[in-house]
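A.B. asks: Generate the whole structure from the sequences, applying the supplied hints.
Numbering (the working numbering), first residue to last: 268 to 732.
The set of hints was computed from the structure by calculation and includes no laboratory data.
Treat the hints loosely; a few may be bogus.
Stated by the list, open to error - Calculated lysine-lysine pairs in the DSS-like style (CA-CA distance at most 27 angstroms, straight line):
#1 Lys-365 - Lys-392
#2 Lys-287 - Lys-312
#3 Lys-281 - Lys-312
What the hints assert, rightly or not - Derived Cβ-Cβ restraints for the label pairs, each shown as a range:
#4 Lys-710 - Lys-365: 30 to 38 angstroms
#5 Arg-409 - His-578: 36 to 44 angstroms
#6 Ile-712 - Asp-655: 21 to 29 angstroms
#7 Val-461 - Lys-710: 13 to 21 angstroms
#8 Gly-634 - Ile-712: 51 to 59 angstroms
#9 His-602 - Ile-410: 22 to 30 angstroms
#10 Gly-300 - Lys-365: 16 to 24 angstroms
#11 His-602 - Val-453: 32 to 40 angstroms
#12 Lys-392 - Met-732: 49 to 57 angstroms
#13 Glu-333 - Pro-458: 45 to 53 angstroms
#14 Lys-660 - Pro-458: 20 to 28 angstroms
Even for Gly, the Cβ is constructed at its ideal location relative to N, Cα and C.
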Amino acid sequence: MFFRKKDPYKKLKKLIGSEKVLDRAEDKLVYAGDASYTAPPGNHKPDLVVLPESIEDVCETILFAEETGMHVIPRGAGTGMSSGAVPIGGGIVISMEKMISDPRLNVEERWLDCEMGLKTEDIKKAAAKQNLLYPPDPSSFRISTIGGNIAENAGGLRCVKYGTTKDYVLGLKYVDAEGHVVSTGVYNTEPTPVDLTPLLVGSEGLFGVIVQARLALIPAPESTYTLLAHFSDIKHALASLHKFLPKVTPSVCELMDDLVIGAIRKHDPYPFPTGTEAAMLIETDGKQESAANEAKWIEEVLRAHNALEVHRTQDKTERERLWNLRRLVSPALSHIATGKMNEDVVVPISAMAELIERCRKIGEESGVKVPIYGHAGDGNLHLNVMYDKSEQKMETVAHQAISRCFKVVVELGGTISGEHGIGASKNRFITIQYSTEQLRLLKAIKDAFDPNGMFNPYKVLPPTM
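C.D. replies: Okay, structure coming up:
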């Protein structure tokens, strides 16, 4: 006699709808990884994928996970670069891709309520229709979700003037380990001595599943001016930065070194001047007169610091042409080597020159290349260790080079992650920056919110904790 195998997820399917519960092997494979250059060893397919369409669906899923002892891994668009959405050891991936109701916007008070599956670009467009601006601007804004941005405290290209995601989150709703909806910040109507919003932003899914946010908006700038400056030496570029930053805060200040520029040359025919070894993309914005004056003054500083050429424009088409060079960086680096480890670090801006010099030396000693680019205005730089994938030992060499670079970052007063998060890709390095006592404190906070370790296990904390 043939006996049909009992479906272990029948209860959940009945509660929220079977179409929202994916348990086929091919579906689970889709949600097994993210955009990280490396994932922890092993097969990390989820046991189950849930696509909630409401807060109630999330609550029911977490109650089911609690009842069955399953882990819960929140997921946005899978664009994260720290294995934060990788379901290590299996569990339930809760993908927010269907929580995309139209945002509710209050123009007079300048805020926007949204669900976590919306793309960051959707948020920006909704604000722009009312001549408002949502400033956080991660490079992945066209495909990353606002939920992922909040979980990682995403930064981006406009941090130097406008700050990061945490500066615009007024309140959150999240589902805790008991399946309850908890409101923080402006959503919390009861007096409370502690606002949990700052703790949850950047928490990487350790404390619960965020389901709704209220975001602050600001008036859109009247005008924007864009400059692209070329230098024969990266030290001249950084010297000009130290000169203008104390007096003028640009909205964008991006640095590209010689290796990055060399890669872009193979990808785009833009006529970089002969001898260009570094470039900076800079923008000013605000009222037309002030933005224009700031751009003019910065241009004077750039030229005074031996810029080979400075291109300044307000024309939208020309601006897009200059911006295209910056957007090409990541794909263009594939011309340097077949393997890439992309890390984001932050140091005081006064230490950037030393960081670049020492990381280049580490690359030379290790036999790998280390192109560097990123958000120079706030010291958030991307270190890319490039290696040959065909040589098996080179991946180990690249990891060792990354570890050495991280030690330099901490020695210079910096941090090993600026916007990508720690996740499972970087948690083995976290002891470089934090003491055992500090990590125990983080573990105690995690245990207070999630005593059974349900949410996003094996992330952030060292593997041994």
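A.B. asks: Hint by hint, note whether the structure agrees.
C.D. replies: Here is how each hint holds up against the structure:
1. Lys-365 - Lys-392: Judged against 27 angstroms, a Cα distance of about 19 angstroms means the pair holds.
2. Lys-287 - Lys-312: At roughly 18 angstroms apart (the allowed maximum being 27 angstroms), Lys-312 and Lys-287 satisfy the hint.
3. Lys-281 - Lys-312: holds, 23 angstroms
4. Lys-710 - Lys-365: 30 to 38 angstroms: 33 angstroms Cβ-Cβ, so the 30 to 38 angstroms window holds.
5. Arg-409 - His-578: 36 to 44 angstroms: violated, 25 angstroms
6. Ile-712 - Asp-655: 21 to 29 angstroms: At 42 angstroms between Cβs, range violated.
7. Val-461 - Lys-710: 13 to 21 angstroms: holds, 19 angstroms
8. Gly-634 - Ile-712: 51 to 59 angstroms: violated, 41 angstroms
9. His-602 - Ile-410: 22 to 30 angstroms: holds, 23 angstroms
10. Gly-300 - Lys-365: 16 to 24 angstroms: The hint (16 to 24 angstroms, Cβ to Cβ) holds, given that Gly-300 and Lys-365 are roughly 20 angstroms apart.
11. His-602 - Val-453: 32 to 40 angstroms: Check failed, 48 angstroms falls outside 32 to 40 angstroms.
12. Lys-392 - Met-732: 49 to 57 angstroms: Since the Cβ atoms of Lys-392 and Met-732 sit about 42 angstroms apart, the hinted range of 49 to 57 angstroms is violated.
13. Glu-333 - Pro-458: 45 to 53 angstroms: Check failed, 29 angstroms falls outside 45 to 53 angstroms.
14. Lys-660 - Pro-458: 20 to 28 angstroms: Violated: the Cβ-Cβ distance is about 60 angstroms, outside 20 to 28 angstroms.
Of the numbered hints given earlier, the model fails hints 5, 6, 8, 11, 12, 13 and 14; all others are met.
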